[in-house]
Each structure stands twice: as C-alpha cells, then as structure tokens.
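Undergrad: Based on the provided sequences and hints, a complete structural model is requested.
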Amino acid sequence: GAASKQAIQQSTQLQLSQQAAKQQDATQQESPQKEQLINMPLTGHLIELRRRLARILGVVIVLFFVLLPFANQLYEGLSQPLRAQLPANATMIATDVTATFMAPFKLNFF
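Take the sequence shown: its position 57, counting from 1, is numbered 57 in full-length UniProt numbering, and each next residue is one higher.
A hint or two may mislead.
What follows is a set of in silico ranges between Cβ atoms, one per label pair, in the way DEER data are often shown [what the hints assert, rightly or not]:
1. Lys106 / Gln19: 43 to 51 Å
2. Leu14 / Phe105: 53 to 61 Å
3. Ala20 / Leu82: 31 to 39 Å
4. Gly58 / Leu78: 24 to 32 Å
5. Ile61 / Gln13: 47 to 55 Å
6. Pro41 / Ser79: 24 to 32 Å
7. Met40 / Ser17: 31 to 39 Å
8. Ser79 / Leu16: 49 to 57 Å
9. Phe105 / Arg52: 22 to 30 Å
10. Thr91 / Pro69: 19 to 27 Å
No lab work stands behind these hints: they were computed from the structure.
Glycine included, every Cβ here is placed at the ideal spot set by N, Cα and C.
TA: The structure is reproduced here in structure tokens:
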C-alpha cells in the first residue's frame, strides 16, 4: 500500500516536472520570435502582414471551391424558413438577371 502510494507520487511529480520543462522550453522558443517581431522595421511588418493575408485568402479560395458543389443545397437549406413563411402559391423572385445563378455562389462565399 504505502510503497504503491509513494511510487504514484513520484510518478506524478516526474510528470509535473516534465510538463514544466516543456512549458519552459516553449516559452524560451516563443521569446526570440516575439522579440524578432517587435524589433522588425515597418517593411518587415508589412511583409509579415502580406504573408498572413495571402494565407487567409488561400484558405478562403480553397474552402469556396470545396463548398461549391453544395451551393444549391446550402441555398435551399438557408432559404427554407423564408419560403415556409410565404403565402400559399407564392414564390421567391429574382430581381436581377443573374440573381438566380449568383445567389448560391454568393451564399457559398459568405
């Protein structure tokens, strides 16, 4: 009994010390990066901003094309509550020539 409790305590202490060491290593690795960002000139910050915006734009484009096959299904699902509130024999109309074609794509983009 007592030996197993002591072994469990030692094991727990070892795990805690390992976690603390990992956190300290992570903090030490973050510090130079943060320091580097703070000490960058304005052009360096602008280059970093451009890189991050390009990454965001890339993700948006990829998600757009992944969701594109489901555009009509998304439109049908999201317009269902509105269509349910329409009077009997009423339908939604397109107010623009391209509205029926573009509405699902715009919905997919947003």
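Undergrad: Take the hints in turn and mark each one as holding or not.
TA: Hints and how they fare:
no., hint, verdict
1, Lys106 / Gln19: 43 to 51 Å, "48 Å, holds"
2, Leu14 / Phe105: 53 to 61 Å, "57 Å, holds"
3, Ala20 / Leu82: 31 to 39 Å, "56 Å, violated"
4, Gly58 / Leu78: 24 to 32 Å, "26 Å, holds"
5, Ile61 / Gln13: 47 to 55 Å, "50 Å, holds"
6, Pro41 / Ser79: 24 to 32 Å, "50 Å, violated"
7, Met40 / Ser17: 31 to 39 Å, "36 Å, holds"
8, Ser79 / Leu16: 49 to 57 Å, "55 Å, holds"
9, Phe105 / Arg52: 22 to 30 Å, "26 Å, holds"
10, Thr91 / Pro69: 19 to 27 Å, "25 Å, holds"
In terms of the numbered hints stated before, the structure departs from hints 3, 6, listed from lowest to highest.
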